[in-house]
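Following this note's numbering from start to finish, the sequence shown increments by one per residue and tops out at 466.
For the record, the hints were derived by calculation from the structure and aren't laboratory data.
There could be a bad hint or two in this list.
[Claimed, not checked] Cross-link-like lysine-lysine pairs, in silico, BS3-like; alpha carbons within 30 Å at most:
1) K154 with K466
2) K200 with K294
3) K71 with K200
4) K423 with K201
5) K154 with K265
[As the list claims (entries may be wrong)] Restraint ranges, calculated between C-beta atoms of paired labels, are given here:
6) D197 with I430: 21 to 27 Å
7) I270 with I236: 43 to 49 Å
8) H43 with I430: 52 to 58 Å
9) A392 with N56: 39 to 45 Å
10) V141 with D354: 20 to 26 Å
11) R371 with P259: 28 to 34 Å
12) A55 with A28: 52 to 58 Å
Note that beta-carbon positions come from the ideal geometry of N, C-alpha and C, so glycine has one too.
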Amino acid sequence: MNKHFLTRCLFWLSVGFFAHNAHAQDPAQPFTLEEAVSYSLKHATSVEKAALDIANAEAQVKEYQAIGIPKLNAKVDYTNNAILPTSFLPDFISPAIVGVLEGFQLVPAGTSANIPAGGVTPVQFGVKNNLTASITASTLVFDGSYLVGLKAAKGLRELTKRQSNLNDYQVRYSVMKAYVLVLIAEENKQVLVNNVDNLKKLLAETEAFYKAGFVEQLDVDRLQLSLSNLQSEQEIVQRQVDLAYNALKFMMGFDINKPITLTNKLDDLIQIPTDSDLNGNTPHDNRIEMDILKRTEYLNSLNVKRLQMAYYPNVTAFASYQQQLQRNNLFDNDETGFTDAAFIGISLNVPIFDGFDKRAKIQRARIDQRRYQLEMENFRRAMNLEVANARAQYKNAQQRLDNQTKNLALAERILARTKTKYKEGVGNSIEITTAEQELYRTQANRMNALYDLVAAKISLDQALGK
């Protein structure tokens, strides 16, 4: 038994090993920026929730439409009168009988006059079993509130769709910034790789000079320290790259354990805005938020109208057909069978006085309508400020990138000249270390400026509603 058990364990361990290797060797899925955005619009959790909101709005419209659709109901009632109810009737039988007897002179005359008045006789009406089957149809003929509410329900559906579009817009914005952040991290990693390679070459040359007696051990040690620091930084940047990829995959709704590659380069994403983007009028109507506010204000106006229509009468029509079976013995066919009955009618409901309830509701609805009008005015002012800030940030980012690009070229020339002087024996390792540190700092500054420029362009497009 132990032998078979060991064999099964080895089998399943081998299966798990190969499955793990197969998973580890899955090819990375490539994504352009637009492909990453398209994927996120299909798989992001917020997008799926927005789709559920739309489906819910569609169901609400159908639910409200059902109010005006004719209704048909069937009903069966059965009652067993275990004890029939007793009623009391005036005693009109005794005087009648005595009067007849007086006419035949069978009793003394005047006997009926001596019968006491106010007497009652207990009687029981009905049968023990009552079975009624009915079918009833009813429909709303006219209700002004319903007609206005139907328009509001459809407007709510369109509002929900626009809110879903806003969610898509925000997902696109988040994925674009996350995509750019990965590219920046990858670019920074590549710069560090190049710097490490160059420093290794310089260290090898310096060690050769040291062995030949042209430089001191201190020069080698300084370069070795710089290389060690740079390699440590390289490990930190690699972890930053991994974190940036994970953040992007999370935004996209992609499996965080599966690899992806980005096929766009930073230069592909650098787009120069038009003069209208940087200096034109603020296009308020381009923003989805403005459209949502307008639709919400419209729905509030419909709500006011719906409440006002509640002052008018509403009319409903109904028709009913029923069959009734009344028997002492429900299954005795010798007793009376089913009897028919039918009813057709119209109901008119006229509101007269409701204690000012509708008036208070109308006042509240008008307050809500005015609130959203103020929201639109505030959004226009806020958008003006947002666009102005985005334009200023883009111009600043563009100027900063231009300056850092020039500084990077200058730092590269300084380092190259410093290395040349060092190789010619007229420089020292301190000058090289200082020039390298300046180069690394300038490279980082340019990376930050490049990211700021791309992010500023994305923010500008978002502010303009593009």
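Consistency of the hints with the structure:
With a C-alpha separation of about 27 Å, the suggested pairing of K154 with K466 holds against the 30 Å cut-off. This hinted pair does not check out: K200 and K294 have alpha carbons roughly 63 Å apart, beyond 30 Å. With a C-alpha separation of about 86 Å, the suggested pair K71 and K200 falls outside the 30 Å cut-off, and the hint is violated. For the hint linking K423 to K201, the alpha-carbon distance of about 13 Å falls within 30 Å, and the restraint holds.
Under the criterion of a C-alpha separation no larger than 30 Å, the hint pairing K154 with K265 is inconsistent with the structure, at around 45 Å. Range check, D197 to I430: Cβ separation about 22 Å, and the 21 to 27 Å hint holds. The hinted window of 43 to 49 Å between I270 and I236 is violated, with their beta carbons roughly 27 Å apart. Between H43 and I430 the CB atoms are about 54 Å apart, so this pair conforms to the stated range of 52 to 58 Å.
With their beta carbons about 41 Å apart, A392 and N56 fall inside the hinted range of 39 to 45 Å. At about 22 Å, the CB distance of V141 to D354 agrees with the hint of 20 to 26 Å. Against the hinted window of 28 to 34 Å, the Cβ-Cβ separation of R371 and P259 comes to about 50 Å, which falls outside the hint. In this structure the hint that A55 and A28 lie 52 to 58 Å apart at CB is violated, the actual value being about 35 Å.
Checked against the numbered hints given earlier, the structure breaks hints 2, 3, 5, 7, 11, 12 and satisfies all the rest.
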